[in-house]
Amino acid sequence: QYYSSTAGAPSSQAAASSMSTSHNTHHNLLTDINPNNTHYSQYSSITYPGELTVYSWGRGEDGQLGIGDTSDQDEPTYVDALRGVGVKQIACGSGHTVVLTGEGEVYTWGRGDDGRLGHGDNGWKYVPRLTHSLTGQIITHVTCGSYHTAAVSSNGDLYTWGGGMYGKLGHGSESGHSTPRRVEALVGLSVIDIACGSRHTAVVTNKGCLYTWGDKENGVAGHGDTDGHQYTPKLLERLSGKKVVQLSACGFHTGCLTDQGECFTWGEGKFGRLGHGAERNCHSPRLIETLLGKRPKQIACGGFHSAVVTEDGKMYTFGGGEHGQLGHGDKVNKVKPTLVQALDGIVLQQITCGWSHSVALTTNGEVFTWGNGDHGKLGHGNGKK
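Start counting the sequence shown at 1373; every next residue gets the next number (my numbering).
By construction, these hints were calculated from the structure, which means they are not laboratory data.
Don't take every hint at face value.
Claimed, not checked - 20 angstroms max Cα-Cα, derived SDA-like pairs, lysine to any residue:
(1) Lys1614 x Asp1631
(2) Lys1757 x Pro1448
(3) Lys1615 x Arg1667
Claimed, not checked - If you anchor each label on the Cβ, the simulated ranges turn out as follows:
(4) Gly1440 x Asp1599: 37 to 47 angstroms
(5) Ser1526 x Gln1713: 34 to 44 angstroms
(6) Gly1685 x Leu1664: 11 to 21 angstroms
Each residue gets a CB set at the ideal place from its N, CA and C atoms; glycine is no exception.
Can you make the complete structure from the sequences, with help from the hints?
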């Protein structure tokens, strides 16, 4: 049986994700249960009755599947290199993967340029490798963007590494780092959730405050201006009176939920991915009015689309539908959240979105995938959509 994190708390969510969160373009990861052991993730409302093990599938060109080579896999494949390692969270980047263990250790593998794996070099790794530079830190949450990676420690410190373009690492410049480096501007705050886009980063503190930094073009950072870059974390004033409880980012847009059941999105609006009824960019967070009263519990941002799961297990999708990734049986873009009728009667626990496909986990432990199936990333034994 498959178990989920709540991405919804993912971070607040804060969940111990069983499906990969984030940024993957062409691969997926999932965790299974080993009943011999028990562990509990502080980031999840679920007690996992066993040690989580990892399966991966999809594009393997950069070694991101962790199976020792660069082959594609069109069905879920057991990552044997993590045998005996109790995993509680996983995240996929464009060409790399990061895993968090129940003991607070971090493993990374796949494409290594820009130092995104955190091992002090730019080399590719074809099997999971422990990030030794974090030894001594108990890590509670990990995530990654296309070219950078981030981790939160048990004392609320944030560490980032990888490509520094656009200032997305938060260290005050565009310099990259091949080993994890603490974001000094956030010291004294307690970070509980983090999300990485292609050119920006966002975090939520234990008080529900949201900080963002990185690229400002098209309103990606959400501070109302569009020129230049934000090199250090900056409080998102538009949401300063709200308590943010869940966060997601991918590509060039971001979404979050508040404790009042509100859903806000901002950034690039092409294809309707922001859900506001048009394709206009939003330079600061804007409420998705269509979702008022729907009791959203998780938002997931993909490259060109977004998805929201509600408290009663229903799912709404919006944005680009060219590859069928919205799940409505067509390839039509949706500029407002639209209920996915194909999952009527099925109670969803979690959703995660890639650039052109989607993966959902039900409360019964079933996994559904749809959208672009090239490289086998839908896991159905072929490359069909």
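Now for the hints, and whether the structure bears them out:
1. Lys1614 x Asp1631: Holds, at about 8 angstroms.
2. Lys1757 x Pro1448: holds, 17 angstroms
3. Lys1615 x Arg1667: holds, 15 angstroms
4. Gly1440 x Asp1599: 37 to 47 angstroms: The hinted range 37 to 47 angstroms holds for Gly1440 and Asp1599, with Cβ atoms some 46 angstroms apart.
5. Ser1526 x Gln1713: 34 to 44 angstroms: holds, 43 angstroms
6. Gly1685 x Leu1664: 11 to 21 angstroms: holds, 19 angstroms
The structure is consistent with each of the numbered hints, conforming to all of them.
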